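Protein sequences, first through last, are from chains H and R.
Residues in the first sequence are numbered from 1 upward in steps of one, following the numbering used here.
Residues in the second sequence are numbered from 326 upward in steps of one, following the numbering used here.
Derived by calculation from the structure, the hints in this document are not laboratory data.
Please read all numbers here as calculations on a predicted model, not as lab measurements.
Treat the hints loosely; a few may be bogus.
Said to hold, decoys possible - Here are the computed distance ranges between Cβ atoms for each label pair:
{"no.": "1", "chain 1": "H", "residue 1": "67", "chain 2": "R", "residue 2": "364", "range": "28 to 38 Å"}
{"no.": "2", "chain 1": "R", "residue 1": "580", "chain 2": "H", "residue 2": "170", "range": "32 to 42 Å"}
{"no.": "3", "chain 1": "H", "residue 1": "170", "chain 2": "R", "residue 2": "594", "range": "31 to 41 Å"}
{"no.": "4", "chain 1": "R", "residue 1": "645", "chain 2": "H", "residue 2": "212", "range": "39 to 49 Å"}
{"no.": "5", "chain 1": "H", "residue 1": "314", "chain 2": "R", "residue 2": "620", "range": "17 to 27 Å"}
{"no.": "6", "chain 1": "H", "residue 1": "259", "chain 2": "R", "residue 2": "367", "range": "17 to 27 Å"}
{"no.": "7", "chain 1": "H", "residue 1": "246", "chain 2": "R", "residue 2": "404", "range": "24 to 34 Å"}
Claimed, not checked - Covered by chain H, according to a simulated footprint, are these stretches of chain R (three or more residues, beta-carbon under 8 Å):
{"no.": "8", "stretch": "488–502"}
{"no.": "9", "stretch": "555–563"}
{"no.": "10", "stretch": "577–584"}
Glycine included, each C-beta is placed from N, C-alpha and C at the ideal position.
There are 2 protein chains.
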Amino acid sequence: MSLQPTIPTVAVIGTGVIGRSWIRVFARAGCHTRVFDPDQTQQSKAIEWAESTAAVDERLGFLAVGGAATEKQRIAPCASLSEALVGAGWVQESGPEALETKQRIYRELDAAADDAAILASSTSAHDMTTIASGLSGADRCVVAHPVNPPHVVPVVEVLAGRTTRPDVTERALAFLESVGQTPVEMHRYVPGFLLNRLQAALIREAVSLIGSDVASAAAIDAVVRDGLGLRWALMGPFGTGHTNADGGAGEYYRRYGDAYRALWADLDATPEFSDRVIERIHSGTEAMYGPDSAAAVGEWRDRLVRGIRRLKADDPAPTPETGGA
Amino acid sequence: MSLQPTIPTVAVIGTGVIGRSWIRVFARAGCHTRVFDPDQTQQSKAIEWAESTAAVDERLGFLAVGGAATEKQRIAPCASLSEALVGAGWVQESGPEALETKQRIYRELDAAADDAAILASSTSAHDMTTIASGLSGADRCVVAHPVNPPHVVPVVEVLAGRTTRPDVTERALAFLESVGQTPVEMHRYVPGFLLNRLQAALIREAVSLIGSDVASAAAIDAVVRDGLGLRWALMGPFGTGHTNADGGAGEYYRRYGDAYRALWADLDATPEFSDRVIERIHSGTEAMYGPDSAAAVGEWRDRLVRGIRRLKADDPAPTPETGGA
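With these hints in hand, go ahead and build the complete structure from the sequences.
Quick look at the structure:
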């Protein structure tokens with residue numbers, strides 16, 4: 001991975017599961033990465049985690065030889081918020097999700113950060129208009145919501161507040177791309193943003209199919225894992241439509257519009273989601289992976305997600321320039 | 326791929342896009358594959374297609390050296406239905422989707438096939454209870470609905486009719502697995518079966534997000550391709566829940582149950598799906614891939630789906646036996 005970050009120094013504020021993974025994103029890309037968490041024990045653990053996962057990546061060939069040591073040198077643990085913000089042109093806030101906490105952190109960030117710094121929040125729930133309300137620097141605040149963990153899964157949802165300056169949003173998109181992520185811009189706030197809404201839509205139907213005993217949890221997971229997901233790892237629903245008709249996605253969706261409407265009318269809006277159904281999900285999943293395997297399965301998944309990303313990097317999708325060739 | 330089909334001789338009836346891909350599934354797995362289409366020109370083209378894609382697979386390393394030639398020897402073009410059915414223990418019907426046509430074909434199949442043969446239909450729309458209604462051999466008929474194309478994407482939805490014998494369903498599941506597919510059993514008929522329902526649920530929300538201008542087609546496709554799909558190529562929604570809480574999927578879904586319910590209540594059941602929205606989808610998709618790229622993008626996708634399947638075969642998911650290790 002040879003990246004050229006458009007912002008050389010960043011601050012990672014908050015070092016939970018998301019924050020620690022952001023450390024990897026930035027340090028791996030070449031940024032000087034200043035880290036602060038008011039819980040200094042958690043901060044130390046997060047940096048240890050970042051160093052050890054970098055070493056695993058190097059062993060697996062996802063980092064060049066010596067990459068883990070280079071990454072480590074770019075990480076600077078800090079003893080205070082103001083120390084972490086020194087020289088940082090990008091601040092990635094990953095604190096607790098409670099609105100009042102976010103607002104308090106943003107008051108502190110806006111007061112202490114360099115004037116030119118962009119203040120980005122990992123929030124999955126709040127609108128930046130609300131978080132940065134009343135701040136003199138509200139125009140430099142933007143949501144940059146990652147998928148967990150961002151050092152493995154590249155999508156970042158970018159959402160400006162009402163008073164965010166357009167050049168801040170543009171620089172945010174450019175910076176996230178320059179560190180190897182896939183930023184996607186939202187035009188306005190909706191609960192769940194894009195990814196969690198799309199995920200919830202699929203899960204609702206999956207829960208309905210389990211609850212009404214049409215199929216088992218194992219069957220539904222297999223349909224996703226060995227069916228839909230194999231395509232969706234490569235192209236989204238609109239790209240998929242493009243390959244399904246000679247005239248492209250427009251022809252596809254016009255031809256099957258009525259079929260989709262009929263199916264939509266048949267989907268269950270309020271599936272049973274009781275203890276009985278959740279227990280069926282739980283036991284079906286345990287039968288697939290074993291009861292104590294969450295960490296092992298997570299590691300396996302992260303390793304293979306990297307493998308899929310490498311496949312795509314080595315053999316990229318056709319573009320308008322190459323598509324007709 | 327070293328497979329041992331539980332049924333040695335099969336008949337592929339109907340050689341459109343789905344039927345021709347079934348030829349590959351069966352011949353590649355080692356079955357003697359007898360082929361018939363009343364349109365003998367289409368039949369010849371389908372067999373040519375099967376041979377040429379096998380050659381491409383061999384060149385890409387997805388088939389052993391000499392694999393394409395061996396596959397070719399197992400394919401027997403037939404001049405009549407009765408000729409195709411000789412000795413076939415599995416019949417894969419992939420005719421037109423109109424119910425009357427399916428019923429007519431099933432009358433002919435039931436009359437002419439060996440008594441021990443299982444009659445499987447690729448239908449994506451009909452219940453076997455309806456297709457085989459009134460046939461003396463209704464108890465040996467079963468739906469085996471693949472994903473397009475089945476020689477690339479392994480999931481097959483298996484659905485018994487009301488009068489299908491349980492041992493027929495069991496043998497169907499075992500046979501499909503023995504030729505390298507991923508059969509999943511449905512317990513009863515619902516429109517769209519599993520895969521198309523889950524897909525429609527996600528697409529509905531995707532269409533809503535486009536229509537209400539929350540994001541562009543490119544943004545939504547990126548969220549799936551570089552976010553949700555990277556996980557879903559490896560594990561379904563329930564397995565994903567398993568990795569998100571120490572106590573497994575049950576704990577995850579109990580903890581986030583209310584969050585899911587709130588999001589479900591906010592999803593749009595009847596999104597605008599007008600020409601305006603479809604045109605937005607179409608132009609967004611064309612900008613990604615180019616106007617005339619459907620075939621090139623489809624080939625690319627099929628190649629990379631194979632690559633993902635090979636990653637998973639080489640490094641399989643933890644199981645109850647290995648998960649805690």
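Broken hints, by number: 1, 4 and 8
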